[in-house]
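Chemist: Residue numbers (my numbering), protein chains in the order written: chain A, 2 to 172; chain B, 2 to 172; chain C, 2 to 172; chain D, 2 to 172; chain E, 2 to 172; chain F, 2 to 172.
Hints may contain errors.
Chain copies aren't distinguished; within one or between two, either way the pair holds.
As a list, the in silico DSSO-like pairs of lysine-lysine whose alpha-carbon atoms are at most 30 angstroms apart [unchecked claim]:
{"#": "1", "residue 1": "LYS17", "residue 2": "LYS168"}
{"#": "2", "residue 1": "LYS85", "residue 2": "LYS156"}
{"#": "3", "residue 1": "LYS21", "residue 2": "LYS156"}
{"#": "4", "residue 1": "LYS65", "residue 2": "LYS17"}
{"#": "5", "residue 1": "LYS151", "residue 2": "LYS140"}
{"#": "6", "residue 1": "LYS106", "residue 2": "LYS151"}
{"#": "7", "residue 1": "LYS17", "residue 2": "LYS40"}
{"#": "8", "residue 1": "LYS17", "residue 2": "LYS156"}
{"#": "9", "residue 1": "LYS152", "residue 2": "LYS65"}
{"#": "10", "residue 1": "LYS140", "residue 2": "LYS90"}
{"#": "11", "residue 1": "LYS114", "residue 2": "LYS151"}
{"#": "12", "residue 1": "LYS168", "residue 2": "LYS127"}
{"#": "13", "residue 1": "LYS65", "residue 2": "LYS85"}
Rather than coming from a laboratory, the hints here were simulated on the basis of the structure.
Protein chains: 6
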Amino acid sequence: MGRFQPFHLGHLGLVKQILKDCDEIIILVTSAQFNYLEKDPFTAGERIEMIHNSLKESDVDLNKCIILTLENQFNIAIWSSYLKSMLPKFDMVYSGNDYVKMLLKDSGIEVTKPVFMDRTLYNATKIRSMIISGDDWEKLVPHAVSSFIKKINGKNRLSIINQSDTKPTEH
Amino acid sequence: MGRFQPFHLGHLGLVKQILKDCDEIIILVTSAQFNYLEKDPFTAGERIEMIHNSLKESDVDLNKCIILTLENQFNIAIWSSYLKSMLPKFDMVYSGNDYVKMLLKDSGIEVTKPVFMDRTLYNATKIRSMIISGDDWEKLVPHAVSSFIKKINGKNRLSIINQSDTKPTEH
Amino acid sequence: MGRFQPFHLGHLGLVKQILKDCDEIIILVTSAQFNYLEKDPFTAGERIEMIHNSLKESDVDLNKCIILTLENQFNIAIWSSYLKSMLPKFDMVYSGNDYVKMLLKDSGIEVTKPVFMDRTLYNATKIRSMIISGDDWEKLVPHAVSSFIKKINGKNRLSIINQSDTKPTEH
Amino acid sequence: MGRFQPFHLGHLGLVKQILKDCDEIIILVTSAQFNYLEKDPFTAGERIEMIHNSLKESDVDLNKCIILTLENQFNIAIWSSYLKSMLPKFDMVYSGNDYVKMLLKDSGIEVTKPVFMDRTLYNATKIRSMIISGDDWEKLVPHAVSSFIKKINGKNRLSIINQSDTKPTEH
Amino acid sequence: MGRFQPFHLGHLGLVKQILKDCDEIIILVTSAQFNYLEKDPFTAGERIEMIHNSLKESDVDLNKCIILTLENQFNIAIWSSYLKSMLPKFDMVYSGNDYVKMLLKDSGIEVTKPVFMDRTLYNATKIRSMIISGDDWEKLVPHAVSSFIKKINGKNRLSIINQSDTKPTEH
Amino acid sequence: MGRFQPFHLGHLGLVKQILKDCDEIIILVTSAQFNYLEKDPFTAGERIEMIHNSLKESDVDLNKCIILTLENQFNIAIWSSYLKSMLPKFDMVYSGNDYVKMLLKDSGIEVTKPVFMDRTLYNATKIRSMIISGDDWEKLVPHAVSSFIKKINGKNRLSIINQSDTKPTEH
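Chain A with its partners taken away, still in its complex shape (with noise of 0.2 angstroms):
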């Protein structure tokens, strides 16, 4: 699970390796409701399509994967209960963050810690800073990502948002 703004090696990586000791991944899709703000640029449907592009033009099988959505909540001890009314049956739940883990412990669902790649590298809010900026930043995701990103003309999107004092989910 993740907010993959945008999809990047190092969830690609994640995926691969979750793969080898499991028969499905489900990819969850969070924070769904949110587009157009500086943390979460692109639309639900931006990123479904980004990491679909990304599995299928790499060598995973897509037979084995289900890439979903979930809006957050906000009543936050009742949100375990809602991913399972949401998602399929599933085993486990890979994450390296401990505030999902205490979450997830009560309602006794198992969390494995995955092997993250270089998470200085392979990270988003540094990537949605390299867009705007102009760095070098299409190596670090697949190249179905960079090509979305720049057929929609993201740089500019991300620009704007940046600049804008237009905050339109604050009060």
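Since chain A is already given, all that's left is putting chains B, C, D, E and F on it; use the hints.
Modeler: Just chains B, C, D, E and F, lined up with the frame of chain A:
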């Protein structure tokens, strides 16, 4: 798109038919937020699991299928815009529903009417009644669906919902 | 206040009657979030446009009219408070509805019953039926309303909604 | 748990019965967000006041009673999780409702069926009808409830709601 | 469109400027659901009243002005669609905000940049600070606005909000 | 009223002080929908349990106490009306908060400022920090609260929330 309460052989036939014309198909589970209700007894997660398993056991190439969920909106005039924000880019919507066609048309979305199999026979409302009454419903759904519904004791759930005066979402 | 689905000559008559007694009138479009439904086919924007154009073509002084919208609330006990927060200060509410009168009375809001024109004739539910069946409905609404409804092909919209089994807001 | 529209002698009997078996009881007012509706005429606050006063005037030890409110949820599959987040820890739920029992069972919550008093007689729907028609309803509710309903002129409220075509939460 | 917290002479100047080019103007009060907050101290109703009175006291023809409100949306990708559903048909949006321009552009809505008056001087954030500190703010707003703010004792409201640690919408 | 994250001896002192002046007290747990957040780590249910147990172990008469919950509203102008709909009738609100006082005053609700105990010492924000750092916080809260927090391993929960970059309700 459909509520898929449950996914039946008529739905499966449509998936196969559409895949003859298209490279990829998005199967969209609507009314995703509803469950344990008379017309919506199964959770979004259960519906995805039934669809995913049905496609897998039949000769459908899962590489070409994306299964997603969508919550109902109350401001219907923005529904097509919401649809676009939550899905990967699509070229056409298959629907035999004139109401859906009208809503999409104003957004310039092309709608094609598929050739339905016998809709009196393959009808989710009727199948739910047959599950409750113990009629021979299993032949109307993929094997993966009938075995899933039996595993979760769906007959018991549907019967209790059907006999209950409690309508938690009514007011 | 009213849903104005659509605004008819009975409504227009009330506006004129109230303006004889008051300096200014607020015309409040309620159920503003609903549209493309059997009882609420027109969007808030379309309803405002029909009202605005009707007032303009008749001899009503728009300087004295404020047209606003209000979404329905589910906690009805706070409705009068919500009303106050969304409207400029008002001295009186015109309503023939005892339910509305009861809700406002506890907040110390004065309610006056207007003199209605023939309510069997000037009745939005009946007018919507006549639009669908092709009866002579145009004479029951201001010219601006009939020409607007024809321009957006309202007959087609109302007919499709009426024939549809899809009730997107029901569950 | 119950909507308590209004709290009657059958409810009071259950409270006393449960307190014979348990150290403490949580009385949960459900559908808390609804009011001024045909099936939910009283606000959450009014219902708490009626229950609190009824317990106080009878021989129930308020030290052992916690009265709380709960809003209805639309994603019913997470209801038991929501229940747990909003209540102090509880060991058992008393309910004669098979639907509620089914929802709680999956979360490992024990459900006990209480022994009801005459449910045809002590029935909130029937009591609301009797209030409107002026039948002898006072003997079916605690004195605190009948005097409260008279004080707020409940007969008038229920009659107006009952006669009204305005259904503010319907669409 | 704007939050108009409060409506100042810069806003009034824009209304006059736009009415030189257009037959009618819709003045849209955004963030309509927020009030009694540091950046949004006035209710939607108060803001409409201030704008209406300002236009009335100046030489603006109210026949050409429609003042409406809009609540903020969290799924920003559907904002332009929501805008269309809530407003009468419009031909152009006046905005100097690149973020708004980007959001509207994808829906084919034409955006024109108006010529602003001195934005350092006519600035709602600055005016709110001046109201609190007692600086000479009255000359920056229409007379109708300054007299309204004085009538409701706006200085007191803004000061209390400003000094308060209570941020009811934060979490 | 308060968030009671957690309920401390300053709060308990206020309850006792108010009960000297009043027959009954409503203790209102606000921000009820939030939990597992930095400023709101405990669920509504946990907070009620801590308060209930604290009153029980001290010499407070529970017969005179009603503990209720309230969710935060975003349209603050209707907050006092919402408050009234969710609570039994009350004669006075005890609050030292000028912001709360302002909101209630317009609804004609009398507000009294209680005499606080040492607010630098008895301060929930400070107590949460002390729980994380292992300082001697137990003496600042009722015994029932410290034993409850230890039982649910509150130190672990607060530490994980505090160290986490995941802010599920932010956007």
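Chemist: Evaluate each hint against the coordinates.
Modeler: Checked hints:
Taking CA atoms no more than 30 angstroms apart as the test, LYS17 paired with LYS168 passes between copies only; the shortest distance there is 28 angstroms, against 37 angstroms inside one copy. In this assembly of identical chains, the alpha carbons of LYS85 and LYS156 lie at most 30 angstroms apart only when taken from different copies (21 angstroms versus 36 angstroms within one copy). Neither within a single protomer nor between protomers do LYS21 and LYS156 lie at most 30 angstroms apart by alpha-carbon distance, with minima of 35 angstroms and 37 angstroms respectively. Both within a single protomer and between protomers do LYS65 and LYS17 lie at most 30 angstroms apart by alpha-carbon distance, with minima of 11 angstroms and 19 angstroms respectively.
Taking the shortest Cα distances, LYS151 and LYS140 sit within 30 angstroms of each other inside one copy (14 angstroms), while across copies they are farther apart (48 angstroms). Proximity of LYS106 to LYS151 under the C-alpha cut-off of 30 angstroms is restricted to the inter-copy arrangement: shortest distance 18 angstroms between copies versus 40 angstroms within a copy. In this assembly of identical chains, the alpha carbons of LYS17 and LYS40 lie at most 30 angstroms apart only when taken from the same copy (26 angstroms versus 38 angstroms across copies). Only within a single protomer do LYS17 and LYS156 lie at most 30 angstroms apart by alpha-carbon distance; the minimum there is 28 angstroms, versus 36 angstroms between protomers.
Proximity of LYS152 to LYS65 under the C-alpha cut-off of 30 angstroms is found in both arrangements, the shortest distances being 28 angstroms within a copy and 22 angstroms between copies. Taking the shortest Cα distances, LYS140 and LYS90 sit within 30 angstroms of each other only across copies (24 angstroms), while inside one copy they are farther apart (35 angstroms). In this assembly of identical chains, LYS114 and LYS151 lie within 30 angstroms of each other by CA distance solely across copies; the values are 27 angstroms between and 33 angstroms within a copy. Within a single copy, LYS168 and LYS127 get their C-alpha atoms as close as 21 angstroms, and across copies as close as 18 angstroms, so both meet the 30 angstroms cut-off.
Proximity of LYS65 and LYS85 under a CA criterion of 30 angstroms is satisfied in both settings, with 19 angstroms inside one chain copy and 26 angstroms between copies.
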